[in-house]
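So the sequences go chain by chain: Z and V.
Going by this note's numbering, the first residue of the first sequence is number 2, and it counts up by one from there.
Going by this note's numbering, the first residue of the second sequence is number 5, and it counts up by one from there.
Don't read these hints as lab results, they were simulated from the structure.
One should not assume that every hint holds.
[What the hints assert, rightly or not] Derived DSS-like pairs (lysine-lysine); straight-line CA-CA distance at most 30 Å:
1. 174/Z with 103/V
2. 113/V with 92/V
3. 92/V with 131/Z
4. 102/V with 70/V
5. 70/V with 92/V
6. 174/Z with 102/V
7. 102/V with 92/V
8. 192/V with 138/Z
9. 31/V with 102/V
10. 37/Z with 92/V
11. 92/V with 103/V
12. 33/Z with 70/V
13. 102/V with 192/V
14. 92/V with 33/Z
15. 174/Z with 92/V
16. 37/Z with 31/V
17. 192/V with 33/Z
18. 113/V with 138/Z
19. 113/V with 37/Z
20. 192/V with 37/Z
21. 102/V with 37/Z
22. 31/V with 48/V
23. 174/Z with 70/V
24. 33/Z with 31/V
25. 31/V with 138/Z
26. 31/V with 103/V
27. 131/Z with 113/V
28. 174/Z with 48/V
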Amino acid sequence: MIFNLFNNWISPKTMSIVPLLLAVMAMGCQGKPFEKPPIHPNPNMDTQNRYNPQSSSDFFADGMTMRMPVPGTVAQGELNENSAYYRGVDDQGNFVTDNSVELTDELLLRGQARYNIYCSPCHSRVGDGKGIITQYKYPIPPTSFHSDIVRQMDDGYFFSVITNGVRNMPSYKHQIPVDDRWAIVAYVRALQHSQNASLSDIPVAARQELSR
Amino acid sequence: MPLIAGGVGIFVLAGVVFGVTYFGSPKFTDVGYRPIQPIAYSHKLHAGDLGMDCRYCHTAVEVSAKATVPPTQTCMNCHVICMPESEKLLPVRDSWAKKEALEWVRVHKIPDYAVFDHSAHINRGVGCTSCHGRIDQMEVVMQVQPLSMGWCLNCHRNPDMHLRPLDQVTNMEWIAPDDQLLLAEQFKLERNINPPTDCTGCHR
């Protein structure tokens with residue numbers, strides 16, 4: 002009797018929802034990785050007919066939405082006349098000896114943070130040129146800051162190297178703004194001092210602490 | 005018969021409700037989006053094993069609305085010298101030689117009618133992983149959060165567990181300390197954190 006009822010209940014008609022159920026199951030669970038762009042059941046205005054930053058364009062010949070400045074033009078505020086600040090050289094083309102920015106604790110901390118982001122992969126966090134990439138497939142050892150030659154370089158030279166690159170080091174002017182470059186120069190100086198200090202560099206009051 | 009029809013009707017209704025809420029949710033439509041990129045770039049290698057900071061490549065994230073995808077130049081900083089013969093890197097060298105941008109596929113996208121500013125979040129101490137997950141463990145980047153309005157609002161109403169010391173924002177391994185709720189109160193005061201929950205906060 003019960004079996005009969007059961008048999009009747011799952012009629013061929015009802016069975017027709019089985020493929021539907023299977024289809025639903027084939028859609029998978031939430032969070033399953035997929036490669037095709039997401040499909041929104043209700044598209045709203047999620048994707049509008051406009052240019053977003055870094056999007057592609059079928060209007061411009063190079064296919065890019067973001068435009069380069071017209072050659073030979075200078076944007077307002079970007080004349081960068083102050084050669085010592087923007088290029089690390091004075092009007093005669095010699096490297097400036099001192100940092101163009103006022104040295105403060107804040108500047109050094111900023112320099113430390115920026116150095117650890119942009120410089121440490123090669124030069125390492127202590128500046129000995131044994132950054133992580135030297136353990137990978139990078140055949141040319143980066144420069145250590147702790148040699149006499151490098152210690153004697155002017156601040157302007159460091160700034161110029163970050164800006165324009167040197168030998169195998171690329172230019173970092175696109176990644177690091179001018180202010181931050183000077184902060185990094187200051188921090189590199191601090192790193193150099195950290196590995197080449199004598200007792201006379203320490204304030205007399207603090208020497209007591211050390212000798213204890 | 006009416007009883008059976010009613011029973012089937014309830015099942016069908018329940019099925020439709022379940023189907024719409026489960027399969028219509030961004031948790032289904034968007035979470036898990038893992039497009040194939042033009043090159044086999046591994047965040048796991050660069051951000052994980054090499055321990056490079058997010059900001060080495062995504063330079064604008066602290067100062068603009070967009071984190072920005074790096075130009076080919078950033079890749080070539082190292083790859084001029086590092087693995088110059090690699091076949092995997094061929095598209096990068098091509099892009100470099102032809103001065104044509106690599107066409108990276110965007111993974112995380114909120115609707116065009118919503119405003120999101122990376123710098124506003126980064127500078128107030130919301131960590132990268134809060135929205136992007138453990139990128140340092142992903143060979144290919146996948147979206148792990150729904151980026152839906154309800155999900156945004158959850159955090160805007162109670163951001164406490166997502167606020168970090170400012171120098172820990174890009175730390176992929178950061179875990180909230182035991183006194184996180186106390187610290188969060190302090191961060192909110194110091195950084196003037198008062199996340200908008202009204203419409204115009206994001207829809208302008």
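Hint check:
1. Proposed proximity of residue 174/Z and residue 103/V is supported: the alpha carbons are some 18 Å apart, at most 30 Å.
2. Among the hinted pairs, residue 113/V with residue 92/V is consistent with the structure: their alpha-carbon atoms are about 27 Å apart, no more than 30 Å.
3. Distance restraint check for residue 92/V and residue 131/Z: the Cα-Cα separation of roughly 26 Å lies within the 30 Å cut-off, and the hinted pair is therefore satisfied.
4. For a cut-off of 30 Å, the pair hint linking residue 102/V to residue 70/V stands: about 26 Å separates their Cα positions.
5. Restraint check: the Cα-Cα separation between residue 70/V and residue 92/V comes to about 28 Å, which is no more than 30 Å; the hinted pair holds.
6. Proposed proximity of residue 174/Z and residue 102/V is supported: the alpha carbons are some 22 Å apart, at most 30 Å.
7. The suggested pairing of residue 102/V with residue 92/V holds, with an alpha-carbon distance near 17 Å, which does not exceed 30 Å.
8. Simply put, residue 192/V and residue 138/Z have alpha-carbon atoms about 44 Å apart, too far for the 30 Å limit, and the pair is violated.
9. Restraint check: the Cα-Cα separation between residue 31/V and residue 102/V comes to about 40 Å, which exceeds 30 Å; the hinted pair is violated.
10. The suggested pairing of residue 37/Z with residue 92/V holds, with an alpha-carbon distance near 22 Å, which does not exceed 30 Å.
11. Between residue 92/V and residue 103/V, the direct Cα distance comes to roughly 18 Å. Compliance with the 30 Å bound is thereby established for this hinted pair.
12. Distance check on the hinted pair: residue 33/Z and residue 70/V sit about 27 Å apart at the alpha-carbon level, within 30 Å; holds.
13. Between residue 102/V and residue 192/V, the direct Cα distance comes to roughly 48 Å. Violation of the 30 Å bound is thereby established for this hinted pair.
14. Among the hinted pairs, residue 92/V with residue 33/Z is consistent with the structure: their alpha-carbon atoms are about 27 Å apart, no more than 30 Å.
15. A C-alpha spacing of about 27 Å is found between residue 174/Z and residue 92/V, which places the hinted pair at or below 30 Å, so the restraint holds.
16. Using a Cα cut-off of 30 Å, the hinted pair residue 37/Z and residue 31/V holds, with the two alpha carbons roughly 15 Å apart.
17. At most 30 Å may separate the alpha-carbon atoms for a hinted pair to count; residue 192/V and residue 33/Z exceed this at roughly 36 Å.
18. Of the supplied pair hints, the one linking residue 113/V and residue 138/Z is violated, its CA atoms being roughly 34 Å apart against a limit of 30 Å.
19. The straight-line distance between the Cα atoms of residue 113/V and residue 37/Z is roughly 14 Å, inside the 30 Å bound, and the hint therefore holds.
20. With a C-alpha separation of about 40 Å, the suggested pairing of residue 192/V with residue 37/Z is violated against the 30 Å cut-off.
21. Restraint check for residue 102/V and residue 37/Z: satisfied, since their Cα atoms lie roughly 28 Å apart, inside the 30 Å limit.
22. Proposed proximity of residue 31/V and residue 48/V is supported: the alpha carbons are some 24 Å apart, at most 30 Å.
23. Between the alpha carbons of residue 174/Z and residue 70/V the distance comes to roughly 19 Å, so the proposed pair stays at or under 30 Å and holds.
24. Between residue 33/Z and residue 31/V the CA atoms are separated by roughly 10 Å; this keeps the pair inside 30 Å, and the hint holds.
25. Straight-line distance between C-alpha atoms of residue 31/V and residue 138/Z comes to about 40 Å, which puts the hinted pair past the 30 Å bound.
26. Between residue 31/V and residue 103/V the alpha-carbon distance is near 38 Å, which puts this suggested pair outside the 30 Å criterion.
27. Pair hint residue 131/Z plus residue 113/V does not hold up; C-alpha atoms about 38 Å apart against a cutoff of 30 Å.
28. Between the alpha carbons of residue 174/Z and residue 48/V the distance comes to roughly 26 Å, so the proposed pair stays at or under 30 Å and holds.
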